[in-house]
Amino acid sequence: MFDNFPLWPARASTTAGNVDALYIFLVVLSSFMSVAIFLMILAFAARYRRRPGHTAEQIEGSTILEITWSVIPFGIFVVIFVWGAVIFFQERTPPRGATEIYVVAKQWMWKLEHEEGHREINELHVPVGRDVKMILTSQDVIHSFYVPAFRIKQDVVPGRYTTAWFRPTRPGTYHLFCAEYCGTQHSGMIGQVVVMEPSQYESWLSGGGTAGSLASTGQTLFQQFACSTCHRSDTQGNGPNLTGKFGKPVLLEDGRTVIEDENYIRESILNPSAKIVAGFKPIMPPFQGMVSEEQLNALVAYIKSLSENPSGPAGSPTMLPAGTQPQAPKAQ
Amino acid sequence: MKMATAVHPVPERENYLNQEYGVRSWLLTTDHKRIALLYLASITFFFFVGGFFALLIRLELLTPVGDLVQADTYNKLFSMHGQIMVFFFLVPSIPAVLGNFLVPLMIGARDLAFPRINLLSWYLFIIAGILMMHAVLTGGVDTGWTFYTPFSTAFSNTKVIEAGLAIFVAGFSSILTGLNFVVTIHRMRAPGMTWWRLPLFIWSMYATSIIFLLGTPVLAITLTLVIFERAFHLGIFDPTRGGDPLLFQHLFWFYSHPAVYIMILPSMGIVSEIVPCFSRKRIFGYSFVAMASIGIAVFGFLVWAHHMFVAGMSIYAALIFSFLSYLVAVPSAIKVFNWTATLYKGSITFSTPLLYAFGFIGLFTMGGLTGLFLAALGVDVHVTDTYFVVAHFHYIMVGGAVMGYLGGMHFWWPKISGRMYPESLGRLAALIVFIGFNLTFFPQFILGYLGMPRRYWQYPPEFQVLNVLSTAGSTILAVGYVLPMIYFLWSMRYGKHAEPNPWGAAGLEWMTPSPPPTFNFEETPQVTWEAYDYGNIDLPKEVPVER
Numbered sequence: 001m002f003d004n005f006p007l008w009p010a011r012a013s014t015t016a017g018n019v020d021a022l023y024i025f026l027v028v029l030s031s032f033m034s035v036a037i038f039l040m041i042l043a044f045a046a047r048y049r050r051r052p053g054h055t056a057e058q059i060e061g062s063t064i065l066e067i068t069w070s071v072i073p074f075g076i077f078v079v080i081f082v083w084g085a086v087i088f089f090q091e092r093t094p095p096r097g098a099t100e101i102y103v104v105a106k107q108w109m110w111k112l113e114h115e116e117g118h119r120e121i122n123e124l125h126v127p128v129g130r131d132v133k134m135i136l137t138s139q140d141v142i143h144s145f146y147v148p149a150f151r152i153k154q155d156v157v158p159g160r161y162t163t164a165w166f167r168p169t170r171p172g173t174y175h176l177f178c179a180e181y182c183g184t185q186h187s188g189m190i191g192q193v194v195v196m197e198p199s200q201y202e203s204w205l206s207g208g209g210t211a212g213s214l215a216s217t218g219q220t221l222f223q224q225f226a227c228s229t230c231h232r233s234d235t236q237g238n239g240p241n242l243t244g245k246f247g248k249p250v251l252l253e254d255g256r257t258v259i260e261d262e263n264y265i266r267e268s269i270l271n272p273s274a275k276i277v278a279g280f281k282p283i284m285p286p287f288q289g290m291v292s293e294e295q296l297n298a299l300v301a302y303i304k305s306l307s308e309n310p311s312g313p314a315g316s317p318t319m320l321p322a323g324t325q326p327q328a329p330k331a332q
Numbered sequence: 001m002k003m004a005t006a007v008h009p010v011p012e013r014e015n016y017l018n019q020e021y022g023v024r025s026w027l028l029t030t031d032h033k034r035i036a037l038l039y040l041a042s043i044t045f046f047f048f049v050g051g052f053f054a055l056l057i058r059l060e061l062l063t064p065v066g067d068l069v070q071a072d073t074y075n076k077l078f079s080m081h082g083q084i085m086v087f088f089f090l091v092p093s094i095p096a097v098l099g100n101f102l103v104p105l106m107i108g109a110r111d112l113a114f115p116r117i118n119l120l121s122w123y124l125f126i127i128a129g130i131l132m133m134h135a136v137l138t139g140g141v142d143t144g145w146t147f148y149t150p151f152s153t154a155f156s157n158t159k160v161i162e163a164g165l166a167i168f169v170a171g172f173s174s175i176l177t178g179l180n181f182v183v184t185i186h187r188m189r190a191p192g193m194t195w196w197r198l199p200l201f202i203w204s205m206y207a208t209s210i211i212f213l214l215g216t217p218v219l220a221i222t223l224t225l226v227i228f229e230r231a232f233h234l235g236i237f238d239p240t241r242g243g244d245p246l247l248f249q250h251l252f253w254f255y256s257h258p259a260v261y262i263m264i265l266p267s268m269g270i271v272s273e274i275v276p277c278f279s280r281k282r283i284f285g286y287s288f289v290a291m292a293s294i295g296i297a298v299f300g301f302l303v304w305a306h307h308m309f310v311a312g313m314s315i316y317a318a319l320i321f322s323f324l325s326y327l328v329a330v331p332s333a334i335k336v337f338n339w340t341a342t343l344y345k346g347s348i349t350f351s352t353p354l355l356y357a358f359g360f361i362g363l364f365t366m367g368g369l370t371g372l373f374l375a376a377l378g379v380d381v382h383v384t385d386t387y388f389v390v391a392h393f394h395y396i397m398v399g400g401a402v403m404g405y406l407g408g409m410h411f412w413w414p415k416i417s418g419r420m421y422p423e424s425l426g427r428l429a430a431l432i433v434f435i436g437f438n439l440t441f442f443p444q445f446i447l448g449y450l451g452m453p454r455r456y457w458q459y460p461p462e463f464q465v466l467n468v469l470s471t472a473g474s475t476i477l478a479v480g481y482v483l484p485m486i487y488f489l490w491s492m493r494y495g496k497h498a499e500p501n502p503w504g505a506a507g508l509e510w511m512t513p514s515p516p517p518t519f520n521f522e523e524t525p526q527v528t529w530e531a532y533d534y535g536n537i538d539l540p541k542e543v544p545v546e547r
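Listed in order, the protein sequences are those of chains A and B.
For the record, in the first sequence the residue sitting at position 33 is 33 according to the working numbering, with numbers rising by one throughout.
For the record, in the second sequence the residue sitting at position 275 is 275 according to the working numbering, with numbers rising by one throughout.
So here's chain A without its partners, still in its complex pose (with noise of 0.2 angstroms):
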């Protein structure tokens, strides 16, 4: 029956069923104390219709009943509040290893970007059973990346990066939506995620050629924009070295300390003043509108991609605080 009038999408990630479980508890409770308040009003309304003979007993209240029907709702809103917030902070924190895609949204397309250089339109191809995280922006204005079957919407922001991760869990081809409108097509800017086995995956990777990865695209740049004239792999450049810093703190120029995330990275192309780190001058020229979004995209994968050299201190969390950087192995 449920095929021909299904009650929710199909469930195609690891988020899905939990979603799925708080979803059908809440219509339980609800339709339960719907039920209740209706039938209640129902049984006065029939047992004390006026007729002769019949005055209404006039009573003032219950403090009790009142703190009684005020404390058990919110005993229960607050079992519902953890409840979601849980499934929540799983939805928001990627695990660490997901392969990551850089989305790009425009009136009225998607442009998806894999690591290793594939490119599609309103198309993405994913293995069943990996980590993805998308790493989303906007070139226009805010779009919102929307895939039922995963359970997943995240707005899409010009100017900034917003993440999303899920692990698909069935092979299909699923809907994906822009839920946030966006003008004129906003109801034509969707596409497809095609839920893949390893297997297949593989073959359809090794099937379009590639300028390359996303990664050794942006080292291109790296080097076209001169950005290594100064950000070299030593400490004696003008900038700070870059390698091995993703996903650390960086003590900042006025004291404050951030953590060098994507948003961090983006920010310090386009506009490098804003933040300056410690011990640095403020001479990087502001590279806004010199790059486009992909390129963006490829320079961020590079320098995220400086932080995952086996050859150096990666994974071990040291702390250091920046200028006192780790050396670059080249003392051995």
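No wet-lab data here; the hints were simulated from the structure.
Even for Gly, the Cβ is constructed at its ideal location relative to N, Cα and C.
A few of these clues could be false.
[What the hints assert, rightly or not] Over the 12 angstroms line for every Cβ pair with chain A, so calculated as not near, a few chain B residues:
| # | residue |
| --- | --- |
| 1 | S42 |
| 2 | M313 |
| 3 | M366 |
| 4 | F519 |
[Claimed, not checked] According to the in silico footprint, chain A covers these stretches of chain B (three or more CB under 8 angstroms from chain A):
| # | stretch |
| --- | --- |
| 5 | 106 to 118 |
| 6 | 328 to 337 |
| 7 | 371 to 379 |
Assemble the complex: chain A is given as a structure, and chain B must be docked to it using the hints.
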């Protein structure tokens, strides 16, 4: 006396309607009751304009492909439907019509504290309405009622500035109304009318006025910033000019979430009047119901960012706003339980106003309970910006607010017009509205959970069945809304004359003739009793309600 009336009509008693005639006497009036009627005519106009757009939207969605109107036209239709219904119907509806009419009557005053400011607020509303209709007729606006940036400031090429200006001006009309009510309720209560003897409708008007005064200026500021960014390219919200698009959302929802309570609190006040009257009982837990209104008004200001859980906000901020949203649900639950308890051991007549009140309780309960889904972070991620949200807020703002408004209009129509409406037609219309409403909006909950995003001109074909149900419901709903307008107009000429207190209701407004004289009371009432003193009020001998 009755026979004498039949043979030679005695000259009609002077009242606020027949004291003066002519256009001037209406357009320059400072009588709160006449201004209420000016508002009634204006908002009814906007209700039908917004309703017409809604019908076009539903007709377009009958089929999955865009065939009735163009994409741009569709986007304008839902934008203007929202803007007109929210800012030109729902926000002013109960406060400016029933509030204007009833606040002085219920507290035993001759008029509002500032009668001329009251008239000014209507003129501001009309200026705003003309601006809005001009924007609608000269191309329309396609930003959604939410004006999200940077779409509204840098991308839309429609009449954003004009519509923004219209809403800006309409906001000042609200602020002045709120100011008038707050001062009137503080300063002009009749002797003996203490705070704890105030009818609950007054408490709800007071709570609503607080939101008008504190919230609306923020909307005005926000729209001004949108207009400035659009006109002068300042970088406030547009990231390419160094602005922050999420700042807009914070500012917008800081007003627009409390605005939901502007729409629902007055209806709650009306239900709190109707339920005791037709069950012949004092309200259960008076002080809890009154304080729940204030609680909703206060907590309502602390939950705005629950509209932004997927907007790119910090997850810790989301956590706090989710929790606070559950807090605001508590006073709403208190009200529902108290209305239900009021029926217990009552003596209940199923008159039209009570049917609307029941409809309100039912639909508001469902709207409120689905709010629990949306406040739950994990579920919200899936259902926000889908038809689930559309269904939820229509259950509150149409199922709740409009049901309450219609219930109030029927309850006080004898007082306003001096005439009775046809009771059986009234009950029929209430039933049609209830059925049409549920058929229109219940399928949208399912649509939303299935993943259909809102504001879609075209949609994947698997969503069609539920959309057809919804469209069918909307035509039934339209009949239910047109019917009362017809018989209210009819009753003004042909309806039975109303007694001063046809329902045997408590409240000062029923102790003066229907319709009331210009200065409301022959002499200032002295209040020595509590509100809802139904133990000491008898039903009128001739109960106008047939069994």
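Now for the hints, and whether the structure bears them out:
1. Against chain A, the non-interface label of S42/B holds: every CB pair exceeds 12 angstroms, the least being about 29 angstroms.
2. Listed as outside the interface, M313/B is inconsistent with that label: its C-beta sits roughly 9 angstroms from the nearest C-beta of chain A, within the 12 angstroms cut-off.
3. At roughly 6 angstroms from the closest C-beta of chain A, the C-beta of M366/B falls inside 12 angstroms, breaking its exclusion from the interface.
4. A cut-off of 12 angstroms between C-beta atoms confirms that F519/B is not in contact with chain A; the least separation is 33 angstroms.
5. Remark: the stretch 106 to 118 of chain B is not confirmed as covered by chain A, as 0 of its residues place a Cβ nearer than 8 angstroms to a Cβ of that chain, below the required three.
6. Coverage of the stretch 328 to 337 of chain B by chain A holds. Counting CB-CB distances below 8 angstroms, 6 residues qualify, and the rule asks for three or more.
7. Residue count for the stretch 371 to 379 of chain B with a Cβ under 8 angstroms from a Cβ of chain A: 7. That meets the three needed, and the coverage hint holds.
Violated hints, listed in ascending order, are 2, 3 and 5; each of the other numbered hints is respected by the structure.
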